[in-house]
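Given the coordinates of chain A, work out where chains B, C, D, E, F, G and H should sit on it, guided by the hints.
As they're listed, the protein sequences go chains A, B, C, D, E, F, G and H. Using numbering that gives the first Met the number 0, read the first sequence as starting at 0 and increasing by one per residue. Using numbering that gives the first Met the number 0, read the second sequence as starting at 0 and increasing by one per residue. Using numbering that gives the first Met the number 0, read the third sequence as starting at 0 and increasing by one per residue. Using numbering that gives the first Met the number 0, read the fourth sequence as starting at 0 and increasing by one per residue. Using numbering that gives the first Met the number 0, read the fifth sequence as starting at 0 and increasing by one per residue. Using numbering that gives the first Met the number 0, read the sixth sequence as starting at 0 and increasing by one per residue. Using numbering that gives the first Met the number 0, read the seventh sequence as starting at 0 and increasing by one per residue. Using numbering that gives the first Met the number 0, read the eighth sequence as starting at 0 and increasing by one per residue.
Hints are computed from structural coordinates only; laboratory data are not their basis. Please note that a few of the clues may not be correct.
On the chain C side, residues computed to face chain G include the following (Cβ under 10 angstroms) [stated by the list, open to error]:
1. 10
2. 11
3. 62
4. 64
5. 68
Not everything, but these chain H residues come out facing chain A in the computed CB check (under 7 angstroms) [what the hints assert, rightly or not]:
6. 96
7. 253
8. 258
None of the values given here were measured: they were computed from a predicted structure. Glycine is no exception: its CB is placed at the ideal position from the N, C-alpha and C atoms.
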Amino acid sequence: MLFKMIQLIINGQLHHFDTTLSVDQLLESMTLMNKRIAIERNGQIVPRSKFGEQTLVDGDQLEIVIAVGGG
Amino acid sequence: MLFKMIQLIINGQLHHFDTTLSVDQLLESMTLMNKRIAIERNGQIVPRSKFGEQTLVDGDQLEIVIAVGGG
Amino acid sequence: MLFKMIQLIINGQLHHFDTTLSVDQLLESMTLMNKRIAIERNGQIVPRSKFGEQTLVDGDQLEIVIAVGGG
Amino acid sequence: MLFKMIQLIINGQLHHFDTTLSVDQLLESMTLMNKRIAIERNGQIVPRSKFGEQTLVDGDQLEIVIAVGGG
Amino acid sequence: MDTLNISDKAYSSRLLIGTGKYKDLTQTREAIDASGAQIITIAVRRTNIGQSPDEPNMLDLLPPSQYTLLPNTAGCFTADEAIRTLHLARELLDGHSLVKLEVLGDLKTLYPNIVETIKAAKILVKEGFHLMVYTSDDPIVAKQLEDIGCVAIMPLASLIGSGMGILNPWNLQIIINNAKVPVIVDAGVGTASDATISMELGCDGVLMNTAIAAAKNPVLMASAMRKAVRAGREAFLAGRMTKQPYNASPSSPINNIIASSKNKAA
Amino acid sequence: MDTLNISDKAYSSRLLIGTGKYKDLTQTREAIDASGAQIITIAVRRTNIGQSPDEPNMLDLLPPSQYTLLPNTAGCFTADEAIRTLHLARELLDGHSLVKLEVLGDLKTLYPNIVETIKAAKILVKEGFHLMVYTSDDPIVAKQLEDIGCVAIMPLASLIGSGMGILNPWNLQIIINNAKVPVIVDAGVGTASDATISMELGCDGVLMNTAIAAAKNPVLMASAMRKAVRAGREAFLAGRMTKQPYNASPSSPINNIIASSKNKAA
Amino acid sequence: MDTLNISDKAYSSRLLIGTGKYKDLTQTREAIDASGAQIITIAVRRTNIGQSPDEPNMLDLLPPSQYTLLPNTAGCFTADEAIRTLHLARELLDGHSLVKLEVLGDLKTLYPNIVETIKAAKILVKEGFHLMVYTSDDPIVAKQLEDIGCVAIMPLASLIGSGMGILNPWNLQIIINNAKVPVIVDAGVGTASDATISMELGCDGVLMNTAIAAAKNPVLMASAMRKAVRAGREAFLAGRMTKQPYNASPSSPINNIIASSKNKAA
Amino acid sequence: MDTLNISDKAYSSRLLIGTGKYKDLTQTREAIDASGAQIITIAVRRTNIGQSPDEPNMLDLLPPSQYTLLPNTAGCFTADEAIRTLHLARELLDGHSLVKLEVLGDLKTLYPNIVETIKAAKILVKEGFHLMVYTSDDPIVAKQLEDIGCVAIMPLASLIGSGMGILNPWNLQIIINNAKVPVIVDAGVGTASDATISMELGCDGVLMNTAIAAAKNPVLMASAMRKAVRAGREAFLAGRMTKQPYNASPSSPINNIIASSKNKAA
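The following block holds chain A by itself, in its conformation from the complex (with noise of 0.2 angstroms):
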């Protein structure tokens, strides 16, 4: 079967991932998993109930977001 390799821009940064994967599995290979964040795909709020169902494709812009200190 042919190879398909994906983009995906994470706050503002380009990245490569040799396959479609999901949103827990990109968290999974960040060690961003069961951390407090927050994911906005395309501009839309990604809840945290649909990480293990959405799959990332080929372009998709992803903010993903901490809480830090800020007045």
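Frame of chain A; chains B, C, D, E, F, G and H shown alone:
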């Protein structure tokens, strides 16, 4: 012929005239002829040059203004 | 024997007494005995210990003071 | 005859003169003649009219002042 | 020469005044003369039907040859009212396009309604009006109004007619530093020193009405304001000394003082 | 005519200036001209022995016919020093009796030493001097100095040469209200508006030196101060409007505005 | 009991603090404890990809059981950015709807962009957010934001992080008098007295960050702020004495003083 | 521990209060309790001859075991009156030597008469009194009174009972910087923030009476003042942030913000 009376709202007040009249004739009747005024008719400015032409019709709303002291 | 009357100026007011008297006796007469007061006689402090000894003479000027609220 | 030298303290500085001299002569020697100055000698003002008469003696303390810019 | 330039016209006077609240037109005239103002604001109001036809007219007092009239939109609380009022003003003044835009927020404070002011400004600039715009001391809004194309930014010093002077000189300073068009303090000046301070901050001019008209002697106050604005402008151009909160600096020489123990020691 | 009267002499100018800290006598001269000042302060200092005999002299700059010279006691920290300095000044100026008394507390602040100032004033008044006295803004001391016979009370606005302006206008107001002799703000003025504010409070005059001499352009600042003092005086005489902290007051009529829902409701 | 009520929740503390600029999370924790604050602001930022997975997390520091977290939109310059940021914040905090909306005008002043703030507020309120909104001291805008449905109006005292205190207490007073929702001073507080003054004006609370975090001793300053806010609140409730600019009022009886000529006369 | 030390005695409270103007002794008692004050001023007055012998006595209210009484010379206008009053006070309090010296200039302002105050201070110090002296904000006089041997310098913030707060913080700062004995603001405080500001300037304590007694709710104001003084002291010790008049400083990180054109550009 049939007698026709019209109503005009001038500066917010209702006025009756027993005949249609031009802006010029109105100003004449109000002794405002050649005074430094400006007129708005139904939300539109009536250029001074048109005072003779424009005939006022029943229900017209007029604002007739002058310059006064202000800061 | 000859009758002798004395005058004392107490807190700016003239008072008459039909006999010489000690500071103690004066305070007694003024129901100020054992009150927390201080006395100046003709510009000099009268120590509490001397109340019994000192005899007031005609023309003495006395200031009798207490503590009051103040800032 | 015996040679006589005098010392004057002028504006806080010690000056030697090999002879007694008048205020006039002192100013002459300091090229202050006819300048707009005022003189204090041992704490006393020396009127301009007395510049010729007064002879300075050993140990005299002089203040010679002018007007300067000030606020 | 140091002039205030608005819409390609140069003015030697940096004091702009209003014509409201005076005892009569004679006092208005005398106050204008004493102030030396060249830009004079007027209001536009309904003619009173049946009023004496020969009542004196504000415009007769102010020949365009001598003064630049600045019709305002005082009393307007919406963009629409302000726009219609300025259409009438332009017609009244034969096509005159330099106007003062003010859209108010409420009757109690007469504080500007920024949202409606911006809305009106966008439309009026497109229609070719040259807007001198009354605004708050919000530096971001001031810049937005400049970007829209207003020819002068006129932030308040304090509430209209309050005479409280400049309540927030820091915001005013930011506005002045950011602006490429003239910044004119409008509203709140109460006495001469308020005008002087405004000019010292670097304002290009000061617009006032009540401070003069409500003084016990309006004509003398007008004269005071004329001098106050010039004094402030000259002080700004001269460049003030720096402040030294806790250290004095003698104006007279500290040396060559006649003998004494104390100051020697010093 | 509105004049400042000191020791039976009337002055049209209410701005008094010092002659210290200028680049040279030419600049001093130009600043004096631009200021319009008629009363000019000078200091008395030891002549530098051996100095060039033809160095320009401050007195040549200021013909008594044109100016009233006001020798000061700047740099004196005791009554004795001040008294001796004024004896020399009087001799230097051919019996001139109008002088500025200042006795300082320390070199860092140049704040007046009130105890020594009062001591010197009592002696000097007896000797026939007409004292314009530099003092703090203590209203009781100001009254005591007036009672001693000083011809003018000159409270500081802030530290000499600090340019901080009027730090305590309330005390100054009390002094002005109590005084029967002229009250002249001396020291602390930093820019034109400080002078205007002083006059608006009701001061009879303002004395300054550093604010002019230390400006980037001293001559222009001198001109600004001249106008600022006049502006403040006129504003004081005109009688300012009353302040309204929280209520605006429209300058334009609030009735007869063209139709609209909003402001009808208002 | 006197509480600050926001979105149907009552808080005993009227001091709200931010968590930025501290040396570390330990100092943040100690400052929060010393301040007694119950509402704590946080920011939302991109996770740094590849950062150590076990770096301490701000949320672990602040158990929702103990604190009300207030995510902000600091750094957003458009309504769109602010809205997206708050969507992420709500998700991050499991549906939490109480947030701080701030849309800034420029990086130099961080002054609010009122037009974008109003635009964002209208949308976010519709989406069910409870907005505590950072705004200018414009009283008309404050009222508009309240009418849109914001649960708290948070006008600046002065520029964010400037520590300049309350530059325009008059505008703040108008906002307080008009508001039916809590008014909380946000930004500009520099020291304890600034917080006290805010509360004395009638504010319902004070939000600060830099004043504490940038103090030499942040934890001690946090303690000072806690007391300062309470002192100001109590003073407001107690009702201060009226000011008497020029007339003293003795605290001790003026009669029955021991004999003397002077005060008898008085 | 941070204490106020006067005449070898340490006090944990830096708030000193007077006992005049209260509704009754009960309210006086409650206000003292709420304030936490340890040093309490009282006045000395002629007993009213023929007054009810069992009227409550101020001294019974204030057990020396619990409070340090500070008899004052309020109402005295000459050194002689003040000295005689303190002789009586010392006798009244069984040899107590810590007293408050105040010699007033006039009844309208109650401003101190510095000349008489210095005269009295020299005599009383020689007689062994420990003087806490009420004075003006004249830094030279403050130093002179310290050199005479006063144990605390108590400059006014503004006129007694005026509630105007600190009119000249600059002078106060100079006094604080120069003093080696405690500096306590006495007179003029009107509300909590005035006390906080005084302490932030570096004062060692604050003495007040009218601000508490003339509040609508004196006991609550006393509680506010207790917190205000502590808040100001802690803020002073914590070391406030530096002011940045025109440049904001973000409290939240300015990087790692979610994507947007605008703030990237910024």
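Consistency of the hints with the structure:
With its C-beta approaching chain G no nearer than about 8 angstroms, residue 10 of chain C sits inside the 10 angstroms limit, and its interface hint holds. A distance limit of 10 angstroms between C-beta atoms decides the matter here; for residue 11 of chain C the minimum to chain G is near 6 angstroms, and the interface restraint holds. Hint on residue 62 of chain C holds. Least Cβ distance to chain G is approximately 5 angstroms, under the 10 angstroms limit. Contact between residue 64 of chain C and chain G, as hinted, is supported at the beta carbon level, the nearest pair being about 7 angstroms apart and thus within 10 angstroms.
Interface hint status for residue 68 of chain C: upheld, as the beta-carbon distance to the closest one in chain G is roughly 8 angstroms, under 10 angstroms. With 7 angstroms as the threshold, the beta carbon of residue 96 of chain H stays out of range of chain A, its nearest partner Cβ sitting at about 52 angstroms, so the hint is violated. For residue 253 of chain H, the interface hint is violated, the least distance from its beta-carbon to any beta-carbon of chain A being 10 angstroms, above 7 angstroms. Hint status for residue 258 of chain H: holds, given a least beta-carbon distance of 6 angstroms to chain A, under 7 angstroms.
Figure legend: structure checked against the earlier numbered hints; hints not met, in rising order: 6, 7.
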